[in-house]
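*Asks:* The chain contents come next:
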Amino acid sequence: MANDSPLVVQLRDAVVLAGGFPLLSGVTLELHAGSLTVVTGANGAGKTSLLRLLAGLVALSSGSATVAGVDLGTGDPRLLRRRVGWLGHEGSFYDDLTVRENLVFAARALERPTGEIESVVAHVGLAGRIDTPTKQLSAGQRRRLGLGWLLLRRPQLWLLDEPYASLDDEGRGFFDALLGDVVAGGATVVVSAHDPLRSASLRPRTLHLAGGRIVGDAS
Amino acid sequence: MANDSPLVVQLRDAVVLAGGFPLLSGVTLELHAGSLTVVTGANGAGKTSLLRLLAGLVALSSGSATVAGVDLGTGDPRLLRRRVGWLGHEGSFYDDLTVRENLVFAARALERPTGEIESVVAHVGLAGRIDTPTKQLSAGQRRRLGLGWLLLRRPQLWLLDEPYASLDDEGRGFFDALLGDVVAGGATVVVSAHDPLRSASLRPRTLHLAGGRIVGDAS
Amino acid sequence: MIRTALLVAGKDLRIELRSRVLLWQVVPFGVMALLLSGLALGPANAGHSSAGPGLFYLVVLLVALLMINRSQAVESTPGTRSSVATLGLDPAGVFLGKALALATELWLTGLVLLAGAVLFLHTALHGALVALPSIVVTLAALAAAGTLYGALTAGGGGAATLLPVLALPAFAPLLIAGERSFSAALGGGALWEWWVIIAVALAAYLAIGILLYGVLEES
Amino acid sequence: MIRTALLVAGKDLRIELRSRVLLWQVVPFGVMALLLSGLALGPANAGHSSAGPGLFYLVVLLVALLMINRSQAVESTPGTRSSVATLGLDPAGVFLGKALALATELWLTGLVLLAGAVLFLHTALHGALVALPSIVVTLAALAAAGTLYGALTAGGGGAATLLPVLALPAFAPLLIAGERSFSAALGGGALWEWWVIIAVALAAYLAIGILLYGVLEES
Amino acid sequence: MIKLLSQRLLGPVTLLALAATLWMGLVVTPPDKVQGDLARLVYVHPALAWVALYLSFGTATIASGLYLWKRTRSMVMDRVAHSAMEVSLVFIVLTLITGSIWGRPTWGVWWAWDARLTSTAILGVLALGYLALRRANDDPTLRARRSAVLAILAAINVPIIHFSVQWWKTLHQGATVFTASRTLLIHGSMAWTLLLSFVAFTMLFFWLLRARYRLEVQRERTSGQSLRDALEERRREGAF
Ligand code: HEM
Ligand SMILES: Nc1ncnc2c1ncn2[C@@H]1O[C@H](COP(=O)(O)OP(=O)(O)OP(=O)(O)O)[C@@H](O)[C@H]1O
Ligand SMILES: Nc1ncnc2c1ncn2[C@@H]1O[C@H](COP(=O)(O)OP(=O)(O)OP(=O)(O)O)[C@@H](O)[C@H]1O
Ligand SMILES: [Mg+2]
Ligand SMILES: [Mg+2]
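Protein chains in written order, with our numbering: chain X, 1 to 219; chain G, 1001 to 1219; chain R, 2001 to 2219; chain B, 3001 to 3219; chain F, 4001 to 4240.
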């Protein structure tokens, strides 16, 4: 796949071990800025592990990896983490803080204005829950808060682990629209999913994982 | 809907409160043995709450409810719980025990033979992970273990909260087949889902929730 | 009830064994705390052999608090709670099982601490051996009370910190009684009054646990 | 760095404030522990005013262990870890912030305990006031050290029990120095040697934290 | 009619009894030979202690027991237990304060590691723990169950504390201060005043208990209203 936008992800034979077990058993991959990639594969294939590697949340055991300009072997993982946004399986906030307080914390941490927060919250459909402690949110509402958090951050590389799970129809529609926006804005998006993306207008590259390796690659 | 099989669920104006907030704001519902019901609704509509009420995991605040022959207001919730099976958002086992140990514990607790365990594990596709501690399983593998746990139990009332989430294609196929079996065997199944069921041969009753109430009911 | 108790005790002990927390963390902590309390009192008081029983029980208390926390933490991940609840285990059996597991752990730790007291605090070996029966029974009572208080404070955010507040007043008389009869053993005598307190406490906690543990579990 | 520190400290204190754990649980626990240590020592020793400083610091230590656990628990739900990691906060700032929040909580609790010591242990009020500066600095050092050790043992199953094992040896010298200078204040004197130890410890822990907290956070 | 009257009269009569105690204690009775006016605390402190330890703790325990017994389980019992425990805490604190005030001049210290003092303090922490547990649980049934069990646990604790602290103390210390104080009570007017103080503080207990209980009922009534609002609002959530 020829592409002249800069490389955002460059993995070469990346291996990730956990307690002697290879989560990733040698992944070679290049992703360009502004691309949309869907990672599929059976349960336990290594999708989440790949995303975690790209987020700098697990350490590289062998091979080489450069993500968002940071070498995962030698670079500063903090620099990398500031450039990626992560939406995981679990809700991912301080459970005792409210929706608003969590977002204020994130905004301050990233030195962003806090003025946008209300509109972001309304955007993801949580306006009625803005002062509810996060631990009381339903599964889908947590997901939505996760999206709000990313919207506020607007990272360079979006890593989304099964984003559709527990979102309702309207949420998925919103999510698809967001994805289009983000990619058009030049950010790179990697999504792990068991379902194909719903929107026909998004034409993602699809990677198929099995046994911790890429075994299929279709654009 | 006329039906002469016995009633398994009978709710009348059921209200469930959490910290003054109505998770369910008055649900009236009857379900017969051998029925398959899908509960849909927007995020935060109350699907999980309804399932938790049916499992006896949250207390009824007002209204009346009888589930599997147990009155939720006055009956013994333990009796009810022995009759229902629950598959929740979260993995639901002792994280430090292996797949096998968890299932052995469940089998012993229910006074079932432990001989079936190996075959159940193979059935849900975890044969290679039988001696892995549960906390190391991937999201989908946890779901599969949850299904295995239910298979072993064969409860009278199955309560499944978004079972498709994080299952791969093969897992979903397996799940659909299981659902058919279970219903045919006379058990009652309630599933919360954002997607319609995949199998065309299953003809579920679909309840639509909004604001903690049932606002739509289609067979 | 006994069957359930053994099942639950076995499960708890297996989890403990797996994590090696007892060996690597709790016991060293106990020995460390013994040394530290000696330091806090200053050489003049600690060298005194009369301080032995008091310090022994103080440290046992600290260790017990840690272990009670762990014993409850195992049960209280949200997913685990729901799934295990639907096994409908006999609450009296669960109580006895958890208490038995806790007692076993306390007995083991107690032995090591006793050795520590003999070595570091100049407690007479002979006296320590004479005191052994009273220690065994006191620790059993502590385990029964601890299991109850653990269940009382399980789940919820600040539960782990609430435990010591509630449990300390309950443990105080046990502490005193144990300490007194230990001191009496060192002095060569035996004080039946303290035995009465310890035995009554053990019986009372066991009875309350068997009768009321079910009330605590439901929620 | 300072900005991050204030942000993090504010967040931690807000979470504490929300749960009221300090007021309702930690402070009563401290008072109870004071009473209990008095009991464990028996009336003869406890009545002695010389026991005051030792017991005060012993209880402070216990309270500190509780609070360090809480301070880390807030960060260590799996989802929270990933999301907050991708904020890329300055680790030195995070360290300072968490230490500041912890110190604030310790100062407040220390005040209450000091009052308790004056009331229950007959510690001279004047002496206690003279000792106040040394107590403030010692508690700050404890907070800095505690934050470091907390991060060291964060996550993982047995973390809560591992903490005391590691932290107690580090706290021992602080405890001794604090106790000595408290005793000296009661005697009307001031011992600059102990001040040196406390100040050096504070400076060392702060320096280590600022330099190395980043290393601890990654993993 | 009698019920209404007793409800109406409880407050005023309590106040009257307290005023009478005050007048008897301060004016009618003579000062003590040894302790002087300080001895007048005997008309406050023991009665407070009685209410704190036995009356209110006992009420809370019995109400909790009734809650736990399936046939008498109701939120009324839960409210009574809660109210009684709160009142108990207030009285325990007052006992501690009056005791300390008394102890400072007589024993020379605010606090001594005496059996009775220690057990009172422990009981105070128990009551505080009970209230803390209530705060830590939002769900009303869960809260009611847990706190009822705690009250029962605390209750078995009370005799154990009593005996252990007693025995433990007699092992370490000789004479107690209380036998000495008892000799104070020979004079007729003093005995009567003491009796009156017990009656007055007992009535005060019931008055406070009732007020606290009513407050709780009131609170629940308003929360009943807000519940209806909450239900309305929740139902509307889906209706767009
Ligand atoms: C903080 C200090 C004190 C506390 C916590 C305390 C607590 C109590 C308690 C709980 C009782 C009720 C005992 C029962 O009825 O079983 C009581 C009774 C009594 N206390 Fe105190 N007390 C304190 C100090 C004092 C002092 C300093 C004096 C007098 C010098 C005193 C004199 C009495 C007397 C005369 C009674 C009446 C009951 C009897 O005669 O045994 N108390 N106190
Ligand atoms: N310490 C370990 N020991 C053994 N196996 C491990 C360990 N840690 C993880 N695993 C295995 O590694 C794999 C992790 O895969 P990962 O979570 O990346 O899967 P996934 O593709 O995201 O799957 P899913 O679709 O279920 O989310 C699983 O098969 C898991 O069982
Ligand atoms: N204590 C509380 N205070 C306020 N709101 C609460 C509280 N507890 C729960 N909620 C709200 O109650 C609803 C819970 O709904 P529930 O979890 O049943 O939703 P759901 O239909 O399963 O949604 P999802 O599709 O997201 O899983 C949510 O709107 C949540 O915000
Ligand atoms: Mg995954
Ligand atoms: Mg849900």
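I should point out that these hints are in silico values taken from the structure, not numbers from a laboratory. In this text the structure is predicted, and so the values were computed from the model without any measurement. Note that beta-carbon positions come from the ideal geometry of N, C-alpha and C, so glycine has one too. A hint or two may mislead.
[Stated by the list, open to error] Cβ-to-Cβ under 10 Å is the rule here; a few derived chain R residues that face chain G:
#1 ARG2003
#2 THR2004
#3 LEU2007
#4 ARG2018
#5 SER2019
#6 THR2080
#7 ARG2081
#8 SER2082
#9 THR2086
#10 ALA2128
#11 GLY2187
*Asks:* Min Cβ distance, R:SER2082 to chain G: is it shorter than 10 Å?
*Replies:* holds (5 Å)
*Asks:* Can you verify the interface hint for R:THR2004: is its Cβ closer than 10 Å to any Cβ in chain G?
*Replies:* holds (7 Å)
*Asks:* Report holds or violated for the interface hint on R:ARG2003, using the least CB-CB distance to chain G and a cut-off of 10 Å.
*Replies:* Interface hint status for R:ARG2003: holds (8 Å vs cutoff 10 Å).
*Asks:* Restraint: R:THR2080 near chain G, CB-CB cut 10 Å. Satisfied or not?
*Replies:* holds (6 Å)
*Asks:* Just to be careful: measuring from the Cβ of R:ARG2018 to every Cβ in chain G, is the smallest value less than 10 Å?
*Replies:* holds (5 Å)
*Asks:* R:GLY2187 was flagged as interface toward chain G. Is the shortest Cβ-Cβ separation under 10 Å?
*Replies:* violated (45 Å)
*Asks:* Hint check: is the beta carbon of R:ARG2081 less than 10 Å from a beta carbon of chain G?
*Replies:* With a minimum Cβ separation of about 8 Å from chain G (threshold 10 Å), the hint on R:ARG2081 holds.
*Asks:* Would the hint on R:LEU2007 be counted as holding, given a Cβ-Cβ threshold of 10 Å to chain G?
*Replies:* It holds, given that the least Cβ distance between R:LEU2007 and chain G is near 5 Å, below 10 Å.
*Asks:* With a cut-off of 10 Å, does the beta carbon of R:ALA2128 approach a beta carbon of chain G closely enough for the hint to hold?
*Replies:* Hint on R:ALA2128: violated, closest Cβ of chain G at ~34 Å, above 10 Å.
*Asks:* Quick check on the hint: R:SER2019 CB to chain G CB, less than 10 Å?
*Replies:* OK, holds: R:SER2019 within 10 Å of chain G, min 6 Å.
*Asks:* Given R:THR2086 as an interface hint, is the shortest Cβ-Cβ distance to chain G below 10 Å?
*Replies:* Since chain G brings a Cβ to about 5 Å from R:THR2086, closer than 10 Å, the hint holds.
In summary, the structure is inconsistent with hints 10, 11 from the numbered list given earlier, while agreeing with the others.
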